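Using the sequences and the accompanying hints, generate a full structural model.
Residue numbers (my numbering), protein chains in the order written: chain A, 1 to 314; chain B, 315 to 828; chain C, 829 to 1177.
Take the hints with a grain of salt, since some may be wrong.
[Stated by the list, open to error] Label pairs and their calculated CB-CB ranges:
#1 B/G559 to C/V1174: 37 to 43 angstroms
#2 A/A243 to C/P1016: 52 to 58 angstroms
#3 A/T9 to B/R586: 45 to 51 angstroms
#4 B/W690 to C/I856: 42 to 48 angstroms
[Said to hold, decoys possible] Partial pick of chain B residues on the chain C-facing surface, computed with a CB cut under 7 angstroms:
#5 P645
#6 P657
#7 K662
#8 T663
#9 I666
#10 D668
#11 L677
#12 Y680
#13 S686
#14 G689
#15 W690
#16 M691
#17 R717
#18 L720
Hints were generated in silico from the structure; no laboratory data involved. In this text, all values refer to a predicted model and were calculated from it rather than measured experimentally. Using N, Cα and C, we set each Cβ at its ideal position, and we do this for glycine too.
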Amino acid sequence: MDIFEIFLTASFWTAAIRIASPLIFATLGELICERAGILNLGIEGIMVAGAFAGWMAVYSGLGLWPGVAVAFAVGMGFGLIHSILTVPFGLSQHVVGLGVTLLATSSTYYAYRLALPEVTSPPSITPFQPLEIPLLSKIPVIGPALFAQTPLTYLAFAMVVIVALVLYRTPLGLAVRAAGENPQAVAAQGLSVTAIRMGAVMVGSGLMAVGGAFLTMSAFNSFFFEMVSGRGWICIALVVFGAWKPGKALLGAILFAAFDALQIRVQQTPLGAGIPYQIFLMMPYILSILALVVMSRRAEVPGALMVPFNKGER
Amino acid sequence: MPDQTEAQVVLRLDNITKTFGALTANDAVSLTLHKGEVIALLGENGAGKTTLMNILFGQYTADSGGVEVMGAPLPPGNPRAALDAGVGMVHQHFTLAENMTVLENVTLGTRPLFAPGLNRAAARARILRLAQDFKLSVDPDARIAALSVGERQRVEILKALYRDARILILDEPTAVLTPQETNDLFETLRTAVALGLSIIFISHKLHEVMAISDRVVILRHGKVVHEGAIGDTDRHDLAARMVGGEVSAPKAVPGVAGAPLLALRGVSTPDRGSAPGLKTLDFSLHAGQITGLAGVSGNGQSALADLVGGMTRPASGALVLNGADVHHWSPRTAVRAGIARIPEDRHKTGTIADFDLSENAILESYKDPPFSRHGWMNWRAARAFAQRIIDSYDVRCPGPGTRIRLLSGGNMQKLILGRVMEGAPQIILANQPVRGLDIGAVNYVHSQLLAARDRGAAVLLISEDLDEIMALSDVIHVISEGRLSPPFARGTMSPAQLGVWMAGHGFEETAHAS
Amino acid sequence: MRLEPVANPTALRTLAPPALAIAATVVIASLLAMLAGANPFSVLGLILKGAFGSKFALLETLNRATPLIFTGLAVAVAFRARLWNIGAEAQLYAGALVVAILGAGLLDWPAILLLPTMAILAMVAGAILLLIPALLKVRLGVDEVVTTLLINFIFLLFVSMLLEGPLKDPMGMGWPKSARLIDEARLPRLIEGLRLHWGFGLALISAVIVWVIGTRTTLGYEMRAVGLNRNAAEFAGIPVGRVLIKTALLSGGLAALAGFSEVAGLKGNLTLDLSPGFGYTGIIVAMLALLNPLGVVAAALFVAGIFVGADSMSRAVGVPTYLADIMLATALLLMVVAILLTRFRVVRE
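As structure tokens, this is what we get:
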């Protein structure tokens, strides 16, 4: 198949949207945290924990949606740990974030070994099934790509709209953005910076976990070690690429996923077969670095990102 | 002035006491504010004004004593309570989110967080109405970053009025304004009083206090030391009560101008965000003179200070040092050239909080002998140097091994003074050298600058405080939007005349004339 | 709540929080062991015994601590200057790669020449790998946390590509591993008869050198100034960008020595499982050591002890070894709080 023809196939775009879905959830989660002024490097570990928690919940007999809720709650739990340390204690967001990633990853693996001590290959669950939207899914190419996905993908797209609406059209979103721009402004108006930032980190972490759960409950049907493999770090790059705006972040995630879907397909062409597969696997990470470099000059960083707020200090 | 026995009491602070460890910040402070009244709250830095206001706004809880607003007690430790009861505060350092609009800043926190929408149309109408009623013209949809300092202050006042504040507290509101803007502010405050609001005006500018207030309350060492009608007192009396005795500010006799030591020839620098750069500046600093730079903050003072201090280079034009054009220009070459630099913010740029005094003392000279040789540090020399500064500049501290974050602002500034003045520098850049210091330290810093001038140094004094500029400078320039006024000799301009320049008028005329 | 700085901390305030942090870590580990159905006391006892209980255990711990000292030093040096180098893992592999290429017969030199050459070139490789994100940070303001993290993934894939391609050992029966080093390229034993190589000695020497750089040299002063207050350092005339680049070179070089020491000292060839995350664990080591180079040695022994002990405990009672990772993550998070509490008191207002 010619590389150009790949772009015209429905399966390519379907795959791109599927690959984008977990990135959308996690990028939105990170975006909420950073908009409130907190860099959350716990994202990688929280995605691992979410992937395991959602899958395990379903494996233990819960329904799929309750499984998503469990993942969200687990994410919030790690978000709580992160936010206690970074908000009222004002500790280094770099160190705490890496610590949370380590804690989330290792406790997930521990829990996995406890729950399934003997298995060599993990059991599978029945994941979310594609839900074809009548008529719309029949449109050539974009129909199957956009309207024959699993409900979790639809939720991801809905979340972009919801997060954008909340951030720009509600008093809550105004307070979150102000907390990330100038926490003093928030405190002077009688609001609690601590509560707003902690809340944002917890909800954001919940979304990251749902992003992880997408992998085990929609993209695949089982939990593997290393399955998140740096997606969290890529999402941090996507937040920068999206200039801290939900719409642009969505665009970034899809662009990125399209590239990923493309490289998988190029690998199977005669041209791709001659190139070591590692080169293709490197591409997402290289692309992320390039995205950071390109955006570095014009990025509109929230004014108080990574600046702790200590009450009474001016 | 309203009749105090008849008028309704709107705010009552009753016997407020607050201690921090061994320090008593407020000692049984009582204060009563009536409807339609303006009280001036006077006191030096550290007298307890800020603590008192923080207690009123629930940031701190008083050890004893209570607060009543409109006759109802205020629950302690709740930042919202005072706002909801109708008390509004305009902070000295504005609490505005720069990247957001006026409307967003004003409405922030005024609706329940989980309410569905922002209701922008209604908010906009209300802001415009308030702006009209109180003579506070401002565009609700402008971004804060695009506003001038005066406009930002109007937004701060609007924030309080939008919440139906009946009591306005203004902390040093005129410190950053031109004389004309100060007049506008007073106009707004008089309107507010006429509409039945009450005002607490925190300041140390006595002539303003006399102009706007009905009563004055003076705090010293956490205690109320004077309370009375403004008519029963005068400026001299207030000043003496504020500091607890007579203080004599250093007397500035005019200096004798010598050769130009540093000059700018048509220098421009690029704008940085909302901060203007320099617009083809011609300017020189003469030996034996203090050159004052007056202006509203954010009009290019930082750009000029950064240039003279070596932080930036001219984008065009030339920097002339002792008669020679300068090509390589950096903080290090500036230090090497003998420029003493007192930075604007001693916490953020002047010192390293977790370094001790000796490490801070050598910050600019660590690479030179005797402090280091061939890449190796000589800590003994550094400690000796710090000890010398401690002794000759009267830095109060346990010793050179003390971390500088434990020092008071005044002592920190003395260390910086010692650091830069030790080599008897010929050019001194003093950027806001007394901001936030108490009167004793202010006088000390000023006398050091005058002494340096008298031995022939050229001093550039940058300050937002016009009184300070006028008291010390032999020559005054006004800076506005990165443009520089012609030099005005000591005593040739009144504050009001300088204020016209500070507001940005007069520059075009000189440009055409020349 | 609010944090208030403590002017003159008492001995109790300085010592109690870190002690409590360690105690809390142990309690949490015990609870997790109970969750796995084991007796917490025996689990903790087995970890201790497995780490320090015999000559064999102790040597194993020292061997495991060796790369951690290097990566811990690399992180400590960088974090001191607020250069967030999370890429020690990749820098380690860069060093290892140099040894695997040069030491397997390419350079047919005597050990006295070959070993220092390999060590220096390994350091250069690691330094270059960190130079890229450091330059991106200094020149373009690109956050180095994400770039160094992403480079870890890229570089591991690069190593994997080489191990399946040009570096693949023809005698390796198809496994992706490099050819064995020649004898001249192997680090000798520290003490004859004991299974401990000179990498450990080199690690100790490096710690002392890094400590001397930090406290006695102008570079160390500059690095600390840049880390504590970048604005003030820049204003004072310290060349911040150049200091960050020098810091990056030193940090990357130190991390690469971990790879040098593992391949030339312990393993004898390069495989993809050379490092079970030594680069990331270096962050924990450095933080537990409060970024003090001499403290890094102690912290590395502690961390290595927990890993080695947990391995042996897990073999004995079947509690998953991931318990060790949880303990370290918990210790890290609690320790940063504890350090804060030695300097600030929490006030309820």
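Going through the hints against the structure:
1. B/G559 to C/V1174: 37 to 43 angstroms: holds (40 angstroms)
2. A/A243 to C/P1016: 52 to 58 angstroms: holds (56 angstroms)
3. A/T9 to B/R586: 45 to 51 angstroms: 50 angstroms Cβ-Cβ, so the 45 to 51 angstroms window holds.
4. B/W690 to C/I856: 42 to 48 angstroms: holds (45 angstroms)
5. P645: Result: holds, 4 angstroms to nearest chain C Cβ.
6. P657: holds (6 angstroms)
7. K662: The hint holds - B/K662 has a Cβ within 7 angstroms of chain C, the shortest such distance being about 5 angstroms.
8. T663: With Cβ-Cβ at 4 angstroms, under 7 angstroms, it holds.
9. I666: Hint holds; B/I666 Cβ to chain C Cβ min 4 angstroms, cut 7 angstroms.
10. D668: holds (5 angstroms)
11. L677: This hint holds: B/L677 lies near chain C, its Cβ roughly 4 angstroms from the closest one there, short of 7 angstroms.
12. Y680: Cβ of B/Y680 sits 6 angstroms from chain C, so the hint holds.
13. S686: Since chain C brings a Cβ to about 5 angstroms from B/S686, closer than 7 angstroms, the hint holds.
14. G689: holds (5 angstroms)
15. W690: holds (6 angstroms)
16. M691: holds (6 angstroms)
17. R717: Where the cut-off is 7 angstroms and the nearest Cβ of chain C is about 9 angstroms from B/R717, the hint is violated.
18. L720: holds (6 angstroms)
Taken one by one, the earlier hints fail for this structure only at number 17.
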